[in-house]
Amino acid sequence: MSLTNARKVVMLGRFAYPASCLAVGGAAWFHGHTGYTIALAIALLITGGMWILLWVSTRWLNQAEAERTEMGDQLIQSQRILALGELSTGIAHEINNPLNIILQEAELMRYNLSAPASREAMDEVRTSLDVIYAQVSRCSDITHKLLDLARKRKPVSQPADINQLVEDMLELVERETVPRNIEIHRRMATTLPMVTSDPPLLRQVFLNLLINAVQAVDQDGDIFITTYRDGNLACSEIRDNGPGISEENRERIFNPFFTTKAPGKGTGLGLSVSLRIINELGGDILVSSPPDGGAAFTVRIPITR
Amino acid sequence: MNQIRVLVVDDEPDFLKLIQRRLTKRNVHVDTVTNGEAALAFLKDNPVDVIILDVRMPGLSGIDTLKEIRKRFRDTEVIMLTGHGSLQSGIEGISLGAYDYILKPFSIDNLLGRIRAAHEHAKLRIERRSNQ
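Heads up: the sequence lines are chains S and P, in that order. The working numbering puts the first residue of the first sequence at 1, with every later residue one more than the last. The working numbering puts the first residue of the second sequence at 306, with every later residue one more than the last.
A few of these clues could be false.
As the list claims (entries may be wrong) - Simulated restraints on C-beta separations:
id: 1; chain 1: P; residue 1: Leu323; chain 2: S; residue 2: Glu247; range: 31 to 39 angstroms
id: 2; chain 1: S; residue 1: Lys8; chain 2: P; residue 2: Arg434; range: 56 to 64 angstroms
id: 3; chain 1: P; residue 1: Pro363; chain 2: S; residue 2: Asp161; range: 33 to 41 angstroms
id: 4; chain 1: P; residue 1: Asn332; chain 2: S; residue 2: Phe254; range: 40 to 48 angstroms
id: 5; chain 1: S; residue 1: Glu65; chain 2: P; residue 2: Gln437; range: 31 to 39 angstroms
id: 6; chain 1: P; residue 1: Phe347; chain 2: S; residue 2: Thr190; range: 51 to 59 angstroms
id: 7; chain 1: P; residue 1: Arg434; chain 2: S; residue 2: Asn279; range: 15 to 23 angstroms
id: 8; chain 1: S; residue 1: Trp51; chain 2: P; residue 2: Gln437; range: 24 to 32 angstroms
id: 9; chain 1: S; residue 1: Glu174; chain 2: P; residue 2: Ile413; range: 21 to 29 angstroms
id: 10; chain 1: P; residue 1: Gln393; chain 2: S; residue 2: Ile101; range: 17 to 25 angstroms
id: 11; chain 1: S; residue 1: Pro290; chain 2: P; residue 2: Asp319; range: 51 to 59 angstroms
id: 12; chain 1: S; residue 1: Leu75; chain 2: P; residue 2: Asp350; range: 53 to 61 angstroms
Don't read these hints as lab results, they were simulated from the structure. This structure is a prediction, so every number in the text was calculated from the model and none was measured. Beta carbons: idealized from backbone N, C-alpha and C, even for Gly.
All chains, please: the whole structure from these sequences, using the hints.
Okay, structure coming up:
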């Protein structure tokens with residue numbers, strides 16, 4: 001609203017400015033006919049008019065900026081609510097599944113205990129109890145992971161060799177990739193300097209991304225690991241030739257509990273935790289997924305902080 | 306420089322004896338226990354800098370021990386000791402906040418390098434906290 005007004009005033013100013021110059025010139029030219037006083041008065045009037053015009057336009061522009069900031073805040077708020085929605089449904093889903101199993105087992109136990117005790121029924125009750133135990137620990141795992149997500153990690157900076165960190169995590173992941181016939185291609189920059197960062201947190205992130213890549217490829221494919229330097233950033237790209245990430249999912253993959261994996265294969269917290277970690281280390285994670293498949297995650301962290 | 310205090314948790318007495326001898330020669334103070342419960346009891350009275358934790362132990366598993374250590378003794382860094390058969394636990398350990406992992410068999414220099422880095426990490430964290 002204010003922006004439209006400001007634009008109108010500025011448009012007016014565009015014509016008013018040359019007009020006023022001409023008018024002042026004219027008044028000076030004709031001062032012989034009109035006298036000095038009147039010429040001066042006209043010039044002053046025009047100057048005053050121009051000043052008011054500029055003052056108004058500044059005011060409108062200031063207001064427009066305030067409105068824009070407010071709108072930005074509203075936008076962030078609505079995005080937060082969207083992420084919160086995803087989070088709530090995620091938690092509900094993750095907790096409801098074990099709750100449902102616990103309920104079923106409890107009913108089964110009641111049924112088994114209603115008849116006179118037989119050995120068979122007792123065995124079944126014992127099995128039910130085991131299942132309930134397992135499901136309760138699954139629930140507590142989920143809440144712990146959530147708490148972990150909410151926890152603010154305070155990174156401790158120490159020298160870290162990115163190539164070494166990636167290599168260490170590759171060693172863990174390769175036990176999965178070899179039997180599945182997934183080939184890992186390393187393209188490590190030999191000139192990458194040591195970074196000042198938090199090694200255990202970085203290991204977690206690389207491991208998360210590598211596991212995702214392995215799960216995306218599943219069988220018979222390739223994973224490319226590239227490390228390189230870009231200015232003050234140490235970059236590590238983990239690229240796979242799996243199915244890739246669809247356009248509509250790309251904005252949501254970092255939301256907690258968003259997952260495309262089958263139930264039980266992943267909680268959907270890996271990427272959100274990873275992004276949080278990297279943000280706290282002063283870096284970011286770039287995602288790209290070309291239309292013809294495959295996905296690439298690039299972790300960029302500052303070499304010096 | 307102060308000696309680094311290390312606690313090694315493994316269920317194999319021969320391995321413990323060997324690693325204690327080798328690390329002591331490198332100016333590292335080593336204590337050993339043979340299971341997770343004993344490790345937690347030991348830590349209550351004796352603060353250490355770094356724990357080398359085998360993932361495969363009878364009784365409290367390495368992962369459960371790690372969870373407890375992370376909860377109760379936050380200033381101590383943990384290096385997971387994994388065999389080839391237990392890589393899943395290595396992955397789990399890293400996700401649960403272990404500082405590092407090392408694969409059996411390993412060279413003493415490799416282990417020592419990781420112990421030093423973990424010790425430095427713990428020291429920096431304590432320093433930063435006292436500065437706040």
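Hint check for Asp350 of chain P and Leu75 of chain S - Cβ pair distance inside 53 to 61 angstroms
holds (55 angstroms)
Go ahead and decide if the range 56 to 64 angstroms is satisfied by the Cβ distance of Lys8 of chain S to Arg434 of chain P.
holds (58 angstroms)
Cβ distance range 51 to 59 angstroms for Phe347 of chain P and Thr190 of chain S, holds or violated:
This hint is violated: roughly 43 angstroms between Cβ atoms.
Does the hinted range 33 to 41 angstroms hold for Pro363 of chain P and Asp161 of chain S at CB?
holds (36 angstroms)
In this structure, is the beta-carbon distance linking Gln393 of chain P and Ile101 of chain S contained in 17 to 25 angstroms?
At roughly 23 angstroms between Cβ atoms, Ile101 of chain S and Gln393 of chain P fall inside 17 to 25 angstroms, so the hint holds.
Assessment of proposed distance window 31 to 39 angstroms (beta carbons of Glu65 of chain S, Gln437 of chain P):
With a Cβ separation near 37 angstroms, Glu65 of chain S and Gln437 of chain P satisfy 31 to 39 angstroms, so the hint holds.
Take a look at whether the Cβ-Cβ distance between Arg434 of chain P and Asn279 of chain S falls inside 15 to 23 angstroms.
holds (21 angstroms)
Is the hinted range of 51 to 59 angstroms satisfied by the C-beta distance from Pro290 of chain S to Asp319 of chain P?
Since Pro290 of chain S and Asp319 of chain P have Cβ atoms about 54 angstroms apart, the given range 51 to 59 angstroms holds.
Holds or violated: the 40 to 48 angstroms window for the beta-carbon distance between Asn332 of chain P and Phe254 of chain S?
This hint holds: roughly 45 angstroms between Cβ atoms.
With 24 to 32 angstroms as the target window, see if Trp51 of chain S and Gln437 of chain P comply at their CB atoms.
violated (53 angstroms)
Leu323 of chain P versus Glu247 of chain S beta-carbon gap, inside 31 to 39 angstroms or not:
violated (57 angstroms)
Take a look at whether the Cβ-Cβ distance between Glu174 of chain S and Ile413 of chain P falls inside 21 to 29 angstroms.
At 24 angstroms between Cβs, range holds.
In terms of the numbered hints stated before, the structure departs from hints 1, 6 and 8, listed from lowest to highest.
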